Amino acid sequence: MGNDELKIKLAELFPKATFEEGAEWIQMQIEPSDWLPMAQTLRQDASLQFDYLFCLTCVDWKTHLTMVYHLSSTIFRHNIVIKSKLNRSKAEIESVSSIWRTAEFHEREVYEMFGVHFLHHPDLRLLILPDGWEGKNPLLKDFEDPINMIKL
Amino acid sequence: MVEELSRTEEGNIIINVGPQHPATHGVLHLVITLHGETIQKVEPHLGYIHRSIEKMCESLTYRQFIYVTSRMDYLSSHINNHACALCVEKGMQIEVPERAQVIRVLMDELTRIASHELWWGAMAMDLGAFTPFFHAFREREVINEIMEDTCGARLTMNYILPGGVLEDLHPSFQKKVKDFIVLYKRKIAEYDEMVTGNIIFQNRMKNVGVLSAADAISFGCSGPTLRGSGVSCDVRKIYPYEIYNKLEFNEALETAGDSFARYMIRIREMNESIRIIEQLIDNIPEGEFQAKTKAVLKLPKGEFYQRVETARGEFGIYIVSEGGTTPYRIKFRSPGFSNLSALDHMARGGKIGDLVAMMGSLDLVIPDIDR
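So the protein lines, in turn, are chains G and V.
Be aware that the first sequence starts at 3, since it is given in my numbering, and climbs by one per residue.
Be aware that the second sequence starts at 282, since it is given in my numbering, and climbs by one per residue.
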């Protein structure tokens, strides 16, 4: 499926999502509450089959956080980017580790680096950071570490 | 190896492997729950070499950040640099001269061979055969010397930059690479004789750490790990960059999904890389090795993603730009991180003695996982 066809199909399936223009791949902006059912559709729909979650990350925009999911299909080879705005003070989104199992690791990384809570995650705890770092999220823009961070 | 031995209520033993353990090839810490000799659970603890490269990159310019990326997957540093250069070029729409493109591909493939050579030696060493390690290092040294001549460095090359490459090829490059091809072809037969065909080696690798195609996809595996399960995923074929779509090479595929399949993929990949080098080494076009770029690079506002095939799999770089001279956010999708997430699944129910074979066949590079 080409990008245009794919976009029509996605717009049909997810009427609430908004599309962002000007990027290499289709970018969809969704509400966090819609994410889990939508992820299931993306994975299971016979003409979409997004079975490969190759990048899962978060961006701190100071006013809010944005979760970014890069998905592709190993069958159709199409790609898509899903974005979801989260409230910075209460960052919560459903975990997709039951759909793409690689998400379990990636979500743990985002949890410790950005403080995003993934609901219904099987094992949400620190992965890279040592014990005692809960609540201090190094990749947030307002993170300060006077000892280890050197400002240029 | 065993730091402390403790038992759970069910009578399972918990042991720690690493962070200082010769078979983890770096500072990886695994907490393993054992029932007798059978693995119940493998829990990786990361971060012993975490340098927060993503955070560092936020305060480095687009010319500077390349140098940090060599330190991630230090066995594929050319290919890491390549991904970053491609991503910046994509954002700024820089045309790279043909000569630079050919040089880049040549360097990528030489790196791939060097990386697989090291993996091959280490893999055999993990299973108790020490000699192959020296053989592999002897041949790898030849590549390192070629790199040293042209790039000035042996490990962290920082040679591929936005717009082209740092320096033109060393005059001895072509001759040395051709000599290496001759040497390699003689040696690969020895490798097969020494390790691949060895019945003890095969018994220890076959049916160990089996990963089905569906699981491998779900775990986001890539590179030889995913291709060993029979899923075509070579970025060079599927989303070709540079001149890969003009080159003739086959994607190595195996269907067994076990450690031996992953082993065979890498051996075949080395042969394919030699094929690519043979096609290019006499056809390096004349011309500039660098495009004319501005002194200060500024990416337009937007988001850019570029993926390449490193020796370990799909390496992705995601740049969020606000239009300034430094990236607003950079995410490195490292192949090792996703491949490691499959380790627990493939090890469950296996024997503790086989864990080393499984880890070896994943070809983990810890700085690549921790970033």
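Just so you know, the hints here were simulated from the structure itself, not pulled from any lab data.
Keep in mind that this is a model prediction, so the values were computed, not measured.
Don't be surprised by glycine CBs; every beta carbon is placed ideally from N, CA and C.
Keep in mind that a hint or two might mislead.
As the list claims (entries may be wrong) - From chain G, some residues computed to sit far from chain V (all C-beta separations above 10 Å):
{"#": "1", "residue": "D6"}
{"#": "2", "residue": "K9"}
{"#": "3", "residue": "A19"}
{"#": "4", "residue": "I32"}
{"#": "5", "residue": "L38"}
{"#": "6", "residue": "P39"}
{"#": "7", "residue": "D47"}
{"#": "8", "residue": "D53"}
{"#": "9", "residue": "R90"}
{"#": "10", "residue": "E96"}
{"#": "11", "residue": "H108"}
{"#": "12", "residue": "H122"}
{"#": "13", "residue": "H123"}
{"#": "14", "residue": "L131"}
{"#": "15", "residue": "P140"}
As the list claims (entries may be wrong) - Distance condition first, Cα-Cα at most 30 Å in a straight line; then the derived DSSO-like pairs of lysine-lysine:
{"#": "16", "chain 1": "G", "residue 1": "K85", "chain 2": "V", "residue 2": "K582"}
{"#": "17", "chain 1": "G", "residue 1": "K143", "chain 2": "V", "residue 2": "K579"}
{"#": "18", "chain 1": "V", "residue 1": "K371", "chain 2": "G", "residue 2": "K64"}
{"#": "19", "chain 1": "G", "residue 1": "K87", "chain 2": "V", "residue 2": "K575"}
Each hint, compared with the structure:
1. D6: Given that every Cβ of chain V is farther than 10 Å from that of G/D6, nearest at about 19 Å, it holds.
2. K9: Fine: 17 Å to the nearest Cβ keeps G/K9 off the interface.
3. A19: Nearest chain V Cβ is 17 Å from G/A19, so the label holds.
4. I32: holds (16 Å)
5. L38: holds (16 Å)
6. P39: Answer for G/P39: holds, closest chain V Cβ roughly 19 Å.
7. D47: holds (16 Å)
8. D53: Not fine: 5 Å to the nearest Cβ puts G/D53 too close to chain V.
9. R90: holds (15 Å)
10. E96: holds (17 Å)
11. H108: It is violated; G/H108 is separated from chain V by about 8 Å at its closest Cβ, not greater than 10 Å.
12. H122: holds (17 Å)
13. H123: The claim holds: G/H123 sits with its nearest Cβ about 14 Å from chain V, beyond 10 Å.
14. L131: violated (6 Å)
15. P140: violated (6 Å)
16. G/K85 to V/K582: holds (17 Å)
17. G/K143 to V/K579: Between G/K143 and V/K579 the Cα gap is close to 21 Å, so the pair holds against 30 Å.
18. V/K371 to G/K64: holds (27 Å)
19. G/K87 to V/K575: Distance of about 35 Å is beyond 30 Å: violated.
Figure legend: structure checked against the earlier numbered hints; hints not met, in rising order: 8, 11, 14, 15, 19.
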